[in-house]
Amino acid sequence: MSAKKRLIIAITGATGAIYGVRMLQVLQAQNEWETHLVISSAGLVNLKHELDMTRADLSALADVTHGIHDIAATISSGGFKTEGMIIAPCSMKTLAAVAHGFGDNLISRGADVVLKERRRLVMMPRETPLNLVHIRNMGIVTEMGGIMFPPMPAFYNKTDSLMAMVNETVGRILDMFGVDVTGLYKPWEGL
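For any residue, its number in this note's numbering is found by taking its place in the sequence shown, counting from 1, and adding 21.
Quick caveat, the hints were computed from the structure, so don't treat them as lab data. No residue lacks a Cβ here, since even glycine has one placed at the ideal position from N, Cα and C. Do not take every clue at face value.
[Stated by the list, open to error] Here are the computed lysine to aspartate or glutamate pairs in the EDC-like style, where the Cα-Cα straight-line distance is at most 16 Å:
| # | residue 1 | residue 2 |
| --- | --- | --- |
| 1 | K137 | E164 |
| 2 | K114 | D125 |
| 3 | K114 | D133 |
| 4 | K26 | D84 |
| 5 | K26 | E164 |
| 6 | K25 | D201 |
| 7 | K102 | E138 |
| 8 | K69 | E53 |
| 9 | K207 | D181 |
| 10 | K179 | E210 |
| 11 | K25 | E53 |
| 12 | K102 | E53 |
| 13 | K114 | D73 |
| 14 | K25 | E148 |
| 15 | K25 | D84 |
| 16 | K102 | E164 |
| 17 | K102 | D125 |
| 18 | K26 | E104 |
| 19 | K26 | E55 |
| 20 | K25 | E55 |
| 21 | K137 | D181 |
| 22 | K26 | D201 |
| 23 | K137 | E104 |
[To be verified] Ranges of calculated distance between the beta carbons of each label pair, as one might list FRET restraints:
| # | residue 1 | residue 2 | range |
| --- | --- | --- | --- |
| 24 | K102 | D201 | 26 to 32 Å |
| 25 | W209 | K102 | 32 to 38 Å |
| 26 | M173 | D73 | 22 to 28 Å |
| 27 | L151 | D91 | 30 to 36 Å |
| 28 | V66 | T163 | 27 to 33 Å |
| 29 | H70 | G211 | 38 to 44 Å |
| 30 | A93 | V66 | 32 to 38 Å |
| 31 | G166 | F101 | 17 to 23 Å |
| 32 | I168 | A63 | 30 to 36 Å |
Produce the complete structure using the sequences and hints provided.
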(Lines of atoms letter the chains of each structure in order from A and count residues from 1; the text may use other names and numbers.)
(Lines give C-alpha, C1' and ligand atoms only; values in the text may rest on other atoms or scores of the structure.)
Protein backbone atom coordinates (compact mmCIF):
# COMPACT_ATOMS: atom_id res chain seq x y z
CA MET A 1 0.00 0.00 0.00
CA SER A 2 1.36 3.40 -0.95
CA ALA A 3 1.70 6.26 1.53
CA LYS A 4 -1.06 8.81 1.72
CA LYS A 5 -0.58 12.21 0.12
CA ARG A 6 -0.34 14.96 2.72
CA LEU A 7 -2.00 18.35 2.44
CA ILE A 8 -1.75 21.19 4.95
CA ILE A 9 -4.93 23.18 5.59
CA ALA A 10 -4.56 26.44 7.52
CA ILE A 11 -7.41 28.61 8.75
CA THR A 12 -6.76 32.21 9.78
CA GLY A 13 -8.90 34.95 11.30
CA ALA A 14 -10.31 36.29 8.05
CA THR A 15 -14.01 35.71 7.47
CA GLY A 16 -14.83 32.55 5.55
CA ALA A 17 -13.95 29.69 7.90
CA ILE A 18 -16.42 27.57 5.92
CA TYR A 19 -13.83 27.24 3.14
CA GLY A 20 -11.24 25.52 5.32
CA VAL A 21 -13.89 23.42 7.05
CA ARG A 22 -15.40 22.27 3.75
CA MET A 23 -11.95 21.33 2.41
CA LEU A 24 -11.34 19.17 5.47
CA GLN A 25 -14.77 17.53 5.05
CA VAL A 26 -14.08 16.68 1.41
CA LEU A 27 -10.58 15.36 2.14
CA GLN A 28 -11.81 13.32 5.11
CA ALA A 29 -13.87 11.22 2.69
CA GLN A 30 -10.82 10.45 0.52
CA ASN A 31 -8.69 7.55 1.75
CA GLU A 32 -5.55 8.55 -0.15
CA TRP A 33 -5.21 11.94 1.58
CA GLU A 34 -3.85 12.88 5.01
CA THR A 35 -4.69 16.35 6.29
CA HIS A 36 -2.56 18.48 8.58
CA LEU A 37 -4.53 21.32 10.18
CA VAL A 38 -3.32 24.57 11.73
CA ILE A 39 -5.70 27.28 12.94
CA SER A 40 -4.83 30.69 14.34
CA SER A 41 -6.36 32.14 17.50
CA ALA A 42 -8.41 34.59 15.43
CA GLY A 43 -9.41 31.68 13.20
CA LEU A 44 -10.90 29.96 16.25
CA VAL A 45 -12.92 33.08 17.03
CA ASN A 46 -14.36 33.13 13.50
CA LEU A 47 -14.97 29.38 13.57
CA LYS A 48 -17.16 29.80 16.65
CA HIS A 49 -18.87 32.99 15.40
CA GLU A 50 -19.51 31.94 11.79
CA LEU A 51 -20.13 28.19 12.15
CA ASP A 52 -20.73 27.64 15.88
CA MET A 53 -17.90 25.09 15.86
CA THR A 54 -15.27 24.42 18.52
CA ARG A 55 -11.62 23.52 18.15
CA ALA A 56 -12.55 19.90 18.95
CA ASP A 57 -15.22 19.89 16.21
CA LEU A 58 -12.66 21.13 13.71
CA SER A 59 -9.87 18.82 14.85
CA ALA A 60 -12.18 15.84 14.35
CA LEU A 61 -12.16 16.62 10.61
CA ALA A 62 -8.34 16.49 10.30
CA ASP A 63 -5.94 13.57 10.46
CA VAL A 64 -3.35 15.62 12.35
CA THR A 65 -3.78 18.93 14.16
CA HIS A 66 -0.82 21.17 14.96
CA GLY A 67 -0.71 24.04 17.43
CA ILE A 68 -0.22 27.50 15.97
CA HIS A 69 2.95 28.04 18.06
CA ASP A 70 4.42 24.54 17.54
CA ILE A 71 7.36 25.62 15.40
CA ALA A 72 8.89 22.14 15.91
CA ALA A 73 5.90 20.43 14.18
CA THR A 74 6.56 18.13 11.23
CA ILE A 75 5.15 20.64 8.75
CA SER A 76 7.79 23.19 9.75
CA SER A 77 10.45 21.12 7.96
CA GLY A 78 11.03 20.69 4.26
CA GLY A 79 12.04 17.10 4.96
CA PHE A 80 8.40 16.33 5.77
CA LYS A 81 6.92 15.66 2.34
CA THR A 82 3.56 17.24 1.50
CA GLU A 83 1.70 18.07 -1.68
CA GLY A 84 1.50 21.63 -0.44
CA MET A 85 -0.64 23.96 1.62
CA ILE A 86 -3.93 25.82 1.40
CA ILE A 87 -4.61 28.84 3.60
CA ALA A 88 -8.39 29.17 3.61
CA PRO A 89 -9.29 31.83 4.47
CA CYS A 90 -6.14 33.94 4.52
CA SER A 91 -6.02 37.14 6.56
CA MET A 92 -4.01 40.13 5.38
CA LYS A 93 -1.76 39.64 8.43
CA THR A 94 -0.89 36.10 7.30
CA LEU A 95 -0.48 37.25 3.71
CA ALA A 96 2.00 39.91 4.87
CA ALA A 97 3.91 37.41 7.02
CA VAL A 98 4.24 34.96 4.11
CA ALA A 99 5.15 37.69 1.63
CA HIS A 100 7.98 38.91 3.85
CA GLY A 101 9.25 35.61 5.26
CA PHE A 102 8.07 36.38 8.79
CA GLY A 103 7.63 32.85 10.11
CA ASP A 104 6.45 33.79 13.60
CA ASN A 105 3.84 31.02 13.82
CA LEU A 106 3.25 27.62 12.25
CA ILE A 107 1.00 28.93 9.48
CA SER A 108 3.52 31.43 8.12
CA ARG A 109 6.42 29.01 8.75
CA GLY A 110 4.55 26.18 7.00
CA ALA A 111 3.87 28.43 4.01
CA ASP A 112 7.53 29.46 3.93
CA VAL A 113 8.57 25.80 3.87
CA VAL A 114 6.13 25.01 1.07
CA LEU A 115 7.49 27.90 -1.01
CA LYS A 116 11.16 27.12 -0.40
CA GLU A 117 10.59 23.46 -1.32
CA ARG A 118 8.79 24.56 -4.52
CA ARG A 119 5.53 22.90 -3.50
CA ARG A 120 2.10 24.31 -4.22
CA LEU A 121 0.81 27.09 -1.94
CA VAL A 122 -2.74 28.35 -2.48
CA MET A 123 -3.92 31.32 -0.44
CA MET A 124 -7.53 32.51 -0.27
CA PRO A 125 -7.19 36.19 0.67
CA ARG A 126 -10.33 37.57 2.29
CA GLU A 127 -10.45 41.34 2.40
CA THR A 128 -12.32 43.99 0.53
CA PRO A 129 -11.65 46.57 -0.64
CA LEU A 130 -7.93 45.98 -1.07
CA ASN A 131 -5.35 48.62 -0.31
CA LEU A 132 -2.04 48.92 -2.13
CA VAL A 133 -0.02 46.92 0.41
CA HIS A 134 -2.49 44.00 0.11
CA ILE A 135 -2.09 44.02 -3.66
CA ARG A 136 1.71 44.26 -3.44
CA ASN A 137 1.88 41.41 -0.91
CA MET A 138 -0.23 39.25 -3.23
CA GLY A 139 2.17 40.10 -6.03
CA ILE A 140 5.20 39.17 -3.91
CA VAL A 141 3.75 35.77 -2.97
CA THR A 142 2.75 35.18 -6.61
CA GLU A 143 6.31 35.95 -7.75
CA MET A 144 7.54 33.34 -5.24
CA GLY A 145 5.26 30.73 -6.81
CA GLY A 146 2.20 31.01 -4.57
CA ILE A 147 -1.29 31.10 -6.02
CA MET A 148 -3.76 33.78 -4.95
CA PHE A 149 -7.30 32.40 -5.10
CA PRO A 150 -9.80 34.89 -3.67
CA PRO A 151 -13.18 33.20 -3.18
CA MET A 152 -15.09 34.78 -6.03
CA PRO A 153 -18.16 32.84 -7.10
CA ALA A 154 -18.85 31.96 -10.71
CA PHE A 155 -22.37 32.80 -11.80
CA TYR A 156 -22.57 30.72 -14.96
CA ASN A 157 -23.94 27.75 -12.98
CA LYS A 158 -26.92 29.94 -11.97
CA THR A 159 -26.94 28.70 -8.42
CA ASP A 160 -28.82 30.41 -5.62
CA SER A 161 -27.18 28.33 -2.90
CA LEU A 162 -24.37 29.63 -0.71
CA MET A 163 -23.11 26.07 -0.17
CA ALA A 164 -22.97 25.48 -3.94
CA MET A 165 -20.77 28.59 -4.25
CA VAL A 166 -18.52 27.35 -1.43
CA ASN A 167 -18.31 23.90 -3.05
CA GLU A 168 -17.39 25.41 -6.40
CA THR A 169 -14.46 27.34 -4.89
CA VAL A 170 -13.35 24.40 -2.73
CA GLY A 171 -13.62 22.03 -5.70
CA ARG A 172 -11.56 24.25 -7.97
CA ILE A 173 -8.80 24.61 -5.38
CA LEU A 174 -8.66 20.93 -4.41
CA ASP A 175 -8.63 20.02 -8.11
CA MET A 176 -5.28 21.88 -8.37
CA PHE A 177 -3.83 19.25 -6.02
CA GLY A 178 -5.33 16.30 -7.89
CA VAL A 179 -8.07 15.62 -5.34
CA ASP A 180 -11.17 13.87 -6.69
CA VAL A 181 -13.77 16.63 -6.66
CA THR A 182 -16.48 14.78 -8.57
CA GLY A 183 -19.85 16.25 -7.72
CA LEU A 184 -18.56 19.36 -5.96
CA TYR A 185 -19.02 21.70 -8.88
CA LYS A 186 -19.68 21.77 -12.61
CA PRO A 187 -16.74 23.11 -14.63
CA TRP A 188 -17.45 25.52 -17.45
CA GLU A 189 -18.16 23.59 -20.66
CA GLY A 190 -18.78 26.46 -23.03
CA LEU A 191 -22.03 27.60 -24.61
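Against the structure, the hints come out as follows:
no.	hint	in the structure
1	K137 - E164	holds (12 Å)
2	K114 - D125	holds (11 Å)
3	K114 - D133	holds (14 Å)
4	K26 - D84	holds (12 Å)
5	K26 - E164	violated (26 Å)
6	K25 - D201	holds (14 Å)
7	K102 - E138	holds (9 Å)
8	K69 - E53	violated (29 Å)
9	K207 - D181	holds (14 Å)
10	K179 - E210	holds (14 Å)
11	K25 - E53	holds (5 Å)
12	K102 - E53	holds (15 Å)
13	K114 - D73	violated (24 Å)
14	K25 - E148	violated (34 Å)
15	K25 - D84	holds (11 Å)
16	K102 - E164	violated (23 Å)
17	K102 - D125	violated (21 Å)
18	K26 - E104	holds (7 Å)
19	K26 - E55	holds (6 Å)
20	K25 - E55	holds (6 Å)
21	K137 - D181	violated (40 Å)
22	K26 - D201	holds (13 Å)
23	K137 - E104	holds (13 Å)
24	K102 - D201: 26 to 32 Å	violated (21 Å)
25	W209 - K102: 32 to 38 Å	holds (33 Å)
26	M173 - D73: 22 to 28 Å	holds (26 Å)
27	L151 - D91: 30 to 36 Å	holds (31 Å)
28	V66 - T163: 27 to 33 Å	holds (29 Å)
29	H70 - G211: 38 to 44 Å	holds (40 Å)
30	A93 - V66: 32 to 38 Å	violated (25 Å)
31	G166 - F101: 17 to 23 Å	holds (19 Å)
32	I168 - A63: 30 to 36 Å	violated (23 Å)
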